[in-house]
Every structure is written in C-alpha cells, then in structure tokens.
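Full structure from sequences and hints, please.
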Amino acid sequence: MEHKQFDVAALGELLIDFTQNGLSEQGNLLFEANPGGAPANVLAMLQKLGKHTAFLGKVGVDAFGDTLCKTVADAGVDIGGLRRDSEVHTTLAVVHTFPGGDRDFSFYRKPGADMMLRADELEEDVLKNAKIFHFGTLSLTDEPVRSATVRAYELAKAAGALISFDPNLREPLWNTLDDARKAIVWGLQRSDIVKISDNEIEFMTGETDFDKGAAKLLAEYPNIRLLDVTAGAGGSYSYYKGLRAFEPACKRGGVIETTGAGDTFCASVLNFVLEHGLDALDEQKLHEMLRFANTAAYIVTTKKGAIRAMPSREQVEALLAEE
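Under this note's numbering, the first residue of the sequence shown carries the number 1, and numbering increases by one thereafter.
Everything labelled a hint here was simulated from the structure, so no lab data went into it. All C-beta atoms in this analysis are idealised placements derived from N, C-alpha and C, irrespective of residue type, glycine included. There is no bait here: all hints are sound.
Label-pair restraints from in silico Cβ distances:
# : residue 1 : residue 2 : range
1 : Ser106    : Gly50     : 34 to 40 Å
2 : Leu177    : Glu220    : 17 to 23 Å
3 : Leu30     : Asp120    : 38 to 44 Å
4 : Lys212    : Phe105    : 27 to 33 Å
Take a look at the structure:
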C-alpha cells in the first residue's frame, strides 16, 4: 500500500468499561474500570502488531478522561486528534457478564463526551494521511459526532484511504432500531472492508445462514471488497471475490469475558490487509487471516478489559504453533 504517515486512523467512542470483578466482603458487586471503546481497541491491537495508528474522538475533562488519554497514548496510538470536553463527562459503560463470557452493556451517555466531537474539531491531516479509515455506528447515533463522522469519511475517502466499518450494534443507544438500521446501511454503502457479527447480519438481512446473509449484503453493497462474519464460539467466515473461507474458533478454555474480542479480530484483519493488500487475496490467505484473527480474539477473552489486554504478534503465533 502507498506510503502514508498512519496505517489506520479510527474515529469514535473512547470510554470506561466497568466490568464485574467479584464480590466485596459485604456481598456487593465489585467493578474494574477498564479503558475501552471499539475504535480505540482496534488501534491498540494494531499497535501491538507494529502498525502506526491515530485516534480521533472526545473525552471529558475529568479523571476518567485523564485515564483514557494516558492509556491510549501509552498503547502507542497518536492522540493528536483526541479532544477534551469541559462540560460533558466521559462516557461510561457497565458490562454485565453472563456464564460463558457473553455480555450486555448499560451506557451512561445522555450525553457522553464521545457524542460531542464536532466536524470542525477533526485533525484533518490525520485523515488525509491514513491508509485505512475505520469507524462504527456509535459515532452515528447523535449530533454533532454524526456530522464529524461523515466529514471524516469524506476527507479520508478523498485522500484515497480504504474504508473499514464495524456496525457494532448497541441497541440501547438508538431511539429506534430503524435509526440503527439506517446508520448501518450508510456505513455498508461506503466501505471496502466490513466486519459484522452474527446478530448484526441477522438484523440486517433476516438470515441466520451466514452464507445467505453474506450473499445478500454483497449483492446489495457491491462496494464491499472483503466481508468477514464473526460468530463467537461458532468461528468466523470471510467472503472475497466469490471465495468463501471458514475457520473454527480457538477453544482452549479459560474464557472470562468477550469484551474486545470482535475489535481484536477486526484489527487482525486490517493488519493482514495492510501487509498483503486487498487486490490479490486467495483462499489460502483468507484462511491464514481468519486463523490469526480467531486466535488473537480468543486470547483477549481470557483477560478483563480490552486496550490493555491485547496480545502481541508473538503470543498469537506461539498459540497457533501449538495447534
């Protein structure tokens, strides 16, 4: 891919995930404050894989905002495009974990600082100098961040960046599911690379058969060049130029919770595209990509949180070598 300052720039939410961490002596739930947010998680993993990344978003002028700025910077991500809001607090999410590791989210975001990023606050040079621009739908729920996302996409696209999209559907954040569907359509219409989960592809196509759902999406959105479907413990699928690849999930036990697994998978895919290009992938390469992404995602599920739980390339490759 052509030389640019940043491999990936991502825009969106940066927040604190409060994850359950046992009980107090009185029997009260204890929560651990984990730095997170899907776009930032993706960048943190890419940094672990040796890529140069930049984040665009907004946090509050508060203790949580301080923590997030430091955490992302410590991960190696460029935060020149990270803004602070003195009036609106940093967004918070409480992660409810179920047996087996699946989770549900409760958000404290009415409003949250991530929603307040304005188009005129964008670090335009970052967007013009990124090989890939990545985003999700949480930055499309409300203004002014919705307009900021649209503007960021326009700048990156005009500069020749590949566009990567993860719907990352969080139903409680939408006024209606129809609004959510429209936002996902907007993203699908504009993306070269899409990572979509099992529940999201069913939401958008009505299909529980991933092959049928993928066929519908690729027919409706021919701009999508690489489509990956993640199904948690059910493995993952990749669709590219008529090719189809499936790889089972990495199952070695020890799963604590799944926060960040999809973002780790997404980052691994983007890393593969950066290293191999998007023009001449074959079935063997798709399998290689999925195996690495599945294994990296598994490692994250064995730890709490996301940004600070990302594995190194060496850790992933060591686990792959054991198979």
